[in-house]
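So for the sequence shown, our numbering puts the first residue at 1; every next one is plus one.
Note that these hints are calculated values from the structure, not bench results. Built from N, CA and C at the ideal position, the CB exists for glycine as well. Some clues are possibly wrong.
[To be verified] BS3-like cross-link-like pairs, simulated, lysine-lysine; straight-line CA separation at most 30 Å:
| hint | residue 1 | residue 2 |
| --- | --- | --- |
| 1 | Lys117 | Lys99 |
| 2 | Lys343 | Lys117 |
| 3 | Lys115 | Lys325 |
| 4 | Lys288 | Lys312 |
| 5 | Lys115 | Lys343 |
| 6 | Lys370 | Lys288 |
| 7 | Lys115 | Lys373 |
| 8 | Lys312 | Lys608 |
| 9 | Lys373 | Lys383 |
| 10 | Lys491 | Lys325 |
| 11 | Lys383 | Lys370 |
| 12 | Lys288 | Lys107 |
| 13 | Lys373 | Lys288 |
[As the list claims (entries may be wrong)] Taking CB as the label site, the calculated pair distances span:
| hint | residue 1 | residue 2 | range |
| --- | --- | --- | --- |
| 14 | Tyr236 | Lys370 | 39 to 47 Å |
| 15 | Asn316 | Arg534 | 46 to 54 Å |
| 16 | His321 | Ala510 | 24 to 32 Å |
| 17 | Ala510 | Lys312 | 12 to 20 Å |
| 18 | Asp524 | Glu443 | 22 to 30 Å |
| 19 | Ser610 | Ile415 | 33 to 41 Å |
| 20 | Pro334 | Arg478 | 14 to 22 Å |
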Amino acid sequence: MEHADFIHHVRVSEYLSAEDPNAYRRRVAWFAGLGYAWIGGCLLVSIWLASWALQHLMTGRARGGTIFLLIGAAGLAWTSLRSLWVRMDAKPDGHRLTKAQAPALFKLISQVRRKVKGPKLDEVWLDDRFNASISQVPRFGLLGNPVNRLTIGLPLLMALDVPRLSAVLAHEYGHLRGNHGRFAAWIYRTRLSWMRMNERLGEDNSISGWLNARFMNWYVPRFLARSFALARQDEYEADRISARLVGAATAGAALVEIDIKGAWMGEQFWRQHWQGATDQALPVGPFKALRHLLLSPPEDGFAREALRRSLKELSNIDDTHPVLKERLGALKVPANLPEWSNKGALGLLGAEAETWVQRFDQAWCKDQAKTWKAQHQRQQALKQRVEGWRARAETLGTDELVLWARCERRLHSDIDVVKLYQQALERNPAHADALLGLVQACEDAPLALRLSWLDQLWLRSPDHRHFAARKAVAWLERPPRGTEPDAIALKHWRQRVKDAQAADDALWQALSEPPWFTQLQRHDLDEVQVEDTREVLGWHPSIRQAWLCRRRLPEHSDRRAYLFFIDVPELNNAQRAGLCHQLIQQLDLPGPALPLCIGDEVPMADVKRSAFSPIVGGA
């Protein structure tokens, strides 16, 4: 199915859902039944063919083709039965909790369940993700009564207070509440089942597998598109249930706090944590530090910028979750920074809380031991290079001075590198990377001086105009104590933000349009940028290989833009979309970088032929 056709079907489903929700649900139910009917029909045909062939064999009327027909019928029956036996998340990551281990948490879960009239839970799991989810997992593939399973991330318990955690639990319960909830949960399970079945059938080279694969290749994208609006509606309904339990203000504050603290973890915490490999040869667990850091209010500038970015996001048809702006709008709460949680819900784990932190730290260290060792070795090699630059400091060129400064910050983020950038600018006042580094390293300089640096950066580097304008606005909105904001300068820089945003939007639009394998060049990153990129990619173990290319866009010849081709064979479509979203936020390159998962639209053969050498994984 072409991407444009998929979008068309999604838009039609959204229109039908808005016009007549009940009729739309009936259409979705009918189309879901079509998939089951196909599998059932294949099974019945296989039984009939097998019976016919066996009858002829027993009466002695069989010919040579009868044996092949019997084998084909058996293959069709086996493929159909396998399709109905798709196991989903039979054993999740993490640890199963018992009521005896965390009575306070189970009490809260029971209170939320009773108030929202949700179904009884069969299992409660604790994992290491900054998230919570509830699912109905079929006991026997597509058949059998489901297991109701709640999974809560340890970092989420650290970050939210009990009322906001209650809002999250109520939202998750809302997916299973009432008749609509059960219907939506059934459709959700069916969506996952058809997707995983389609992936498995692609690996079946038999004639029967080919026949089923042909139907599923036609059916699955259309079912996903037609049920898309229902999945979106379910998210809004779950938010409304959460708001009825704890109030719209608390539910909205939970959404914003999770969004901003999640961004902080992805963009700042993990980078800082992995920096510990500079001096530590053995891995250090992150959760002991997170226990305290997640309860500290995020830096105000970062929080405002993270919220601004989230509110600018548009809904994506690859993700059934509405964006933050739409969810807050549906709750009718303002999109403002919340009062941060001052006491986490980790205490709900009782006396075992510290034990769980230690257990997850130990597991993380074990899983990341190899990656941490490699990072330590890279940092030690970088140390040697820094020592070499120090030994010949007087003879270094501008580019080397800038690279030296960036390497120092990579080794120790709090080290003072202002003098290095100043020396670079003395030799080349127009050096954009030196200006950028100076701005980032010298935030305590007089405001007028900082604004002059940003003005130079705006003039000399189109790639950094958005950064310069946003930074200037942030500084001007928070002038030194005892002074009033400069209204003229603020108006000037706000207009520059709009201009830079428009230019960036146009660049992203051009970058996001196929074909993907034309106008590709080798990347132009220096060794530090490459190592930083590898470090970020290393945070995601699902990435087996990654290629990075610069994409030349003739209509944006003064800008740098990049394509990432990543091989993540173990992830489903929703997980791939989530990973790409994270990478866009985490990667720090001189221009926009678009991650693309290798698959149907991005063939591995084309990547290997056109994307040069991988920067992660073997060739």
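Lys312 and Lys608: Cα distance at most 30 Å? violated, 35 Å
Regarding the pair Lys288 and Lys312, is the alpha-carbon distance no greater than 30 Å? violated, 33 Å
Hinted pair, alpha-carbon criterion (30 Å max): Lys288, Lys107. Please report holds or violated. Roughly 26 Å between the alpha carbons, so the hint for Lys288 and Lys107 holds.
Pair hint Lys343 and Lys117, alpha-carbon separation not exceeding 30 Å: The hint holds at about 28 Å.
Taking only the CA atoms, is the gap from Lys115 to Lys373 under or equal to 30 Å? At roughly 49 Å apart (the allowed maximum being 30 Å), Lys373 and Lys115 break the hint.
Does the alpha-carbon distance linking Lys115 and Lys343 stay inside the 30 Å limit? OK: Lys115 and Lys343 at ~24 Å, within 30 Å.
Would the hint linking Lys383 and Lys370 be met if the CA-CA limit is 30 Å? Holds, because 20 Å separates the two Cα atoms, which is no more than 30 Å.
Does Lys288 sit within 30 Å of Lys370, going by the straight-line distance between their CA atoms? holds, 21 Å
Kindly confirm whether 12 to 20 Å is satisfied by the beta carbon distance between Ala510 and Lys312. The hint (12 to 20 Å, Cβ to Cβ) holds, given that Ala510 and Lys312 are roughly 18 Å apart.
Quickly compare the C-alpha distance for Lys491 and Lys325 to 30 Å and report which way the hint goes. holds, 25 Å
Determine whether the Cβ-Cβ distance between Ser610 and Ile415 falls within the hinted range of 33 to 41 Å. The hint (33 to 41 Å, Cβ to Cβ) holds, given that Ser610 and Ile415 are roughly 40 Å apart.
Can you let me know if the beta-carbon spacing of Asn316 and Arg534 is within 46 to 54 Å? With a Cβ separation near 27 Å, Asn316 and Arg534 fall outside 46 to 54 Å, so the hint is violated.
Comparing the model with each numbered hint stated earlier shows that hints 4, 7, 8, 15 do not hold.
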